[in-house]
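Grab the two chains, each in its own frame, and use the hints to assemble them into the complex.
Going down the list, the protein sequences come from chains A and B.
Count along the first sequence from 1, add 55, and you get the number used in this note's numbering.
Count along the second sequence from 1, add 214, and you get the number used in this note's numbering.
Read the hints as simulated data drawn from the structure, not as lab findings.
C-beta atoms are modelled at their ideal positions from N, C-alpha and C, and glycine is treated no differently.
Please note that the accuracy of each hint is not assured.
Within a straight-line C-alpha distance of at most 27 Å, the following computed DSS-like cross-link-like pairs (lysine-lysine) qualify [what the hints assert, rightly or not]:
no., chain 1, residue 1, chain 2, residue 2
1, A, Lys91, A, Lys72
2, A, Lys350, B, Lys327
3, B, Lys327, A, Lys400
To spell it out: a stretch of chain B is covered by chain A in this simulated footprint if at least three of its residues, at any positions, have a beta carbon under 8 Å from a beta carbon of chain A; those stretches are [unchecked claim]:
no., stretch
4, 293-302
5, 306-317
6, 320-326
7, 334-342
Not everything, but these chain A residues come out facing chain B in the computed CB check (under 8 Å) [as the list claims (entries may be wrong)]:
no., residue
8, Tyr182
9, Arg317
10, Gly325
11, Ala394
12, Pro395
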Amino acid sequence: MGYKSIDEINEKIKSGKAVVFTAEEIIDVVAEKGIKQAAKEVDVVTTATFGPMCSSGAFLNFGHSDPPIRMCKVWLNDVPAYGGVAAVDAYIGATELSETRGMEYGGAHVIEDLIAGKDIRLYAESYGTDCYPRKEIDTYINKTNINQAFMFNPRNCYQNYIAATNTSDRTIYTYMGTLLPKCSNVTYTTSGQLSPLLNDPYYRAIGVGTRIFLGGAQGYVAWEGTQHNPGQVRGENGVPIGASGTLAVIGDLKKMDTRFIRAAVFPKYGVTLFVGIGIPIPVFDEEMLMYTAVKDSEIFTNIMDESVPSRARPALGRVSYAELKSGFVMLNGKKVPTAPLSSIKKAREIAELVKMQIMKGEFLLAQAVAELPRENKVNTLDIREGDN
Amino acid sequence: MKTIKVSMRFSPDIVTKPLTYHLIKDYDLEVNILNANVGLNKIGQLVADITGEEAKIEEGLKFLKEQGVDIRLFTRSIIWQEEGCVHCGACTAVCPTEALTMDKNSWSLTFNKEKCVVCELCVRTCPIKVMSVSI
Ligand code: SF4
Ligand code: SF4
Chain A
56 MGYKSIDEIN
66 EKIKSGKAVV
76 FTAEEIIDVV
86 AEKGIKQAAK
96 EVDVVTTATF
106 GPMCSSGAFL
116 NFGHSDPPIR
126 MCKVWLNDVP
136 AYGGVAAVDA
146 YIGATELSET
156 RGMEYGGAHV
166 IEDLIAGKDI
176 RLYAESYGTD
186 CYPRKEIDTY
196 INKTNINQAF
206 MFNPRNCYQN
216 YIAATNTSDR
226 TIYTYMGTLL
236 PKCSNVTYTT
246 SGQLSPLLND
256 PYYRAIGVGT
266 RIFLGGAQGY
276 VAWEGTQHNP
286 GQVRGENGVP
296 IGASGTLAVI
306 GDLKKMDTRF
316 IRAAVFPKYG
326 VTLFVGIGIP
336 IPVFDEEMLM
346 YTAVKDSEIF
356 TNIMDESVPS
366 RARPALGRVS
376 YAELKSGFVM
386 LNGKKVPTAP
396 LSSIKKAREI
406 AELVKMQIMK
416 GEFLLAQAVA
426 ELPRENKVNT
436 LDIREGDN
Chain B
215 MKTIKVSMRF
225 SPDIVTKPLT
235 YHLIKDYDLE
245 VNILNANVGL
255 NKIGQLVADI
265 TGEEAKIEEG
275 LKFLKEQGVD
285 IRLFTRSIIW
295 QEEGCVHCGA
305 CTAVCPTEAL
315 TMDKNSWSLT
325 FNKEKCVVCE
335 LCVRTCPIKV
345 MSVSI
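Excised from the complex, chain B in its bound form (with noise of 0.2 Å):
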């Protein structure tokens, strides 16, 4: 078993097929959905997680890119060095995802890996640079 992170980007043709059912029916993959923005009529795009065997990944991602389907695989990932940080929230700012949330008892960061799509435009703004990509 294996998990892989993956952008996936289509247009407006083929938003309404049901991508992510044949995914988990016919190639028996596991697919939760970390970051949707489908919209009628403009290229959308989700993002996930998908686990499942390795033969059947790759299998599911031919299918995809069959469909016409531009497809991203996440390799690297962003780091928060918690200690650094000053718990200011200028990253909150621009966070598209809302990964990187401010809680509103602690007024601590929060950061819930699970949304980040690594845009990476929280390493450009932390103005303490504690926010890195992995690579």
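The following block holds chain A by itself, in its conformation from the complex (with noise of 0.2 Å):
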């Protein structure tokens, strides 16, 4: 039996009397009050994540010069766009690195300096056409001067992900973080029982079509995330263990905020972008509540080892988010102490706006007007012949 719709939650939210609890403040409401009472006076449960995910980028139109070019190589302070869309249209991927200064700038920064309101500098060739004469353009960009600026992230979001650990005996520069030999250290990457995701395991609330918090501003679901793996093996709970869904997210770059969009760089490994997100989950119904009502001790993961350069990597075991927050893990019977890499500070602070947005009458829910897939199968890139 559900308690209630999207549009009676709306309801109290425009009316200022919607009961909005962070997905860490749920946990004691719910152990005080019980499930039932809880799903009753509890309208919405707001998540949020901070981390660094690289499958991120914007689309941005330049608009037309005097005479006009179709762009087909650009760049942006140096960073390679990419052009093979429309004559002024570009994909600016976060991961990209500048052709004059390396790993130091890529096009996460282009982004978060557009962000800032920074003149960026645009250059762009083409080979010229009746109705495109100009051959090349070496001008200046910035985000009033520009039309459309959305960020489009093909992968962000993910629901749960490995810890990572390096038996090897020398240090090694990954996407998590650097690693020290003979396992001196274990990092995390996702903010637990405040992740947008693990509060909604089988992805009865977000769908194509939410509305979230994305970098400032408000976005949407746009797909499912690419590598979206709900096949994950699960507890008991139908929290995953381990990578599991993704989200494909959309929303307005002109809006937002480098306090929840900021560039990074991974030493030896690359550039990549902290890309804040927030998602209020509507408390439908009791079993919507108890999900969001998942602790860290509750969500585990695997410790994998990266030294392994295959697809592969053993797991060298099971861990809880508690026990990972706590500082250290017990690995084959000794004390590794534990690193974050994605911001729990951070997503506490999103997860508190979105609650004040929406208690305000500032954030309305959004309907999904898809489901996700819950059912599917990751498929590797094996190297084999042609088929002709």
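The following block contains the structure:
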């Protein structure tokens, strides 16, 4: 039996009467009142994450110059952007590196600088056509003098992820941070009990069209994310153990804030983007509330050996987020210090902000228009001969 | 009065000598040990703040050198631009002395400068580049 529809919840939000808690606060609320009573009282639970998300970028439309150009190759502050779309459209990917500054500056920095309102040097080349005769352009753009600038991230918001360590004798530099030799540290990268998809393990609330907080602006879930893998092994509470569901998200870059979008450089690995995402979950029934009350001690992941240069990396042990967040884990009988890579402090700030926006009637929930797949298989890229 | 920060490395045969005792007693120095890594049969390392009269500090350091201690003075220090920090915690993964830790309540990065041995690992690791070395 459902208690509330999204429309009912939105009516409460509009009249300033919605009862909202963050996904951390709800744990105590449920412990105190019980699921039944809390489900009647609570309307929305806010979740959030702020972590490095490589699969991010933005579509930009520069407007037409006079004479016009059909841009083929595009650079923004010397970082190549993809120009293989219409004349003055381009996609700047977060991980692309500068051709002059290398790993120190990349697409993520271009995105951060755009949001900050800075001028960005645009250089583009073309072969010239009858209707677009210009062959080269060298100018400056910023977020107010271009047309659309929207972030479109093909894979964000991982529902759980591995924890990483390194059994080899040398320090390795990875997307999971700097991993010291001989299992001297373990890194992890989700906000655990606060993380969006860990609070909605079967995608009952979050779907295509869900309104979200993206980098300081309101955005939407656009699609399932790439490598969305709902088939991951799950615990009894439905929470996947390891990397599983993902989201593709979209939002207006012009309205974003550099407090919630930050360029990052992982040494000897490359450039990536810290993305802040907040997702409100409507408490439409008791089951939904139960999922949002999940605790760090009930969310597990595997510690993987990142020093093995293979797709099938061995798992060295299974740990809960409560253990990871305690500052150390036991690995082969040894006490190993842990370090987060995603900011729990920032995730809390976002969950709190979205909560306040909902309470003030500034953030209405959107009914998902399509569900995210709950079953599928991830393909791998095998090296093989062509069919013809 | 002056305070210097110094790293002392010594080989196994002098590990057991009470070096700091002499510094305190014979040279009237205040020794505040920030990090100690001493094990039997291996190279020992001590990082300490030494406070005292300039001339006494000089004499104390001379004494240490005579004992075969390898001395390195810290002339640089780590600067954390806190406003830019996103409190991700990546730097805590590499800090060897627990100078950088996450506060388990607020999940803010805390920097205990006293414990810092200026190894600069955090400078290289911070993805946002808010850790730097003063020159
Ligand atoms: S790695 Fe940098 S941004 Fe992250 S907590 Fe440390 S100082 Fe702050
Ligand atoms: S330089 Fe950085 S990593 Fe090294 S001890 Fe100091 S704070 Fe820790």
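Each hint tested on the structure:
1. A:Lys91 x A:Lys72: The hint holds at about 20 Å.
2. A:Lys350 x B:Lys327: Between Lys350 of chain A and Lys327 of chain B the Cα gap is close to 34 Å, so the pair fails against 27 Å, i.e. violated.
3. B:Lys327 x A:Lys400: Within the cut-off at roughly 22 Å; holds.
4. 293-302: holds (count 3)
5. 306-317: Since three or more residues must qualify, the claim that chain A covers the stretch 306-317 of chain B holds, with 5 doing so at under 8 Å.
6. 320-326: Holds, because 3 residues of the stretch 320-326 of chain B bring their Cβ atoms closer than 8 Å to Cβ atoms of chain A.
7. 334-342: Answer holds; 5 residues pass the 8 Å Cβ test.
8. Tyr182: violated, 39 Å
9. Arg317: holds, 6 Å
10. Gly325: violated, 10 Å
11. Ala394: holds, 3 Å
12. Pro395: Holds. Min distance 4 Å.
Hints 2, 8, 10, counting from the list given before, are not met by this structure.
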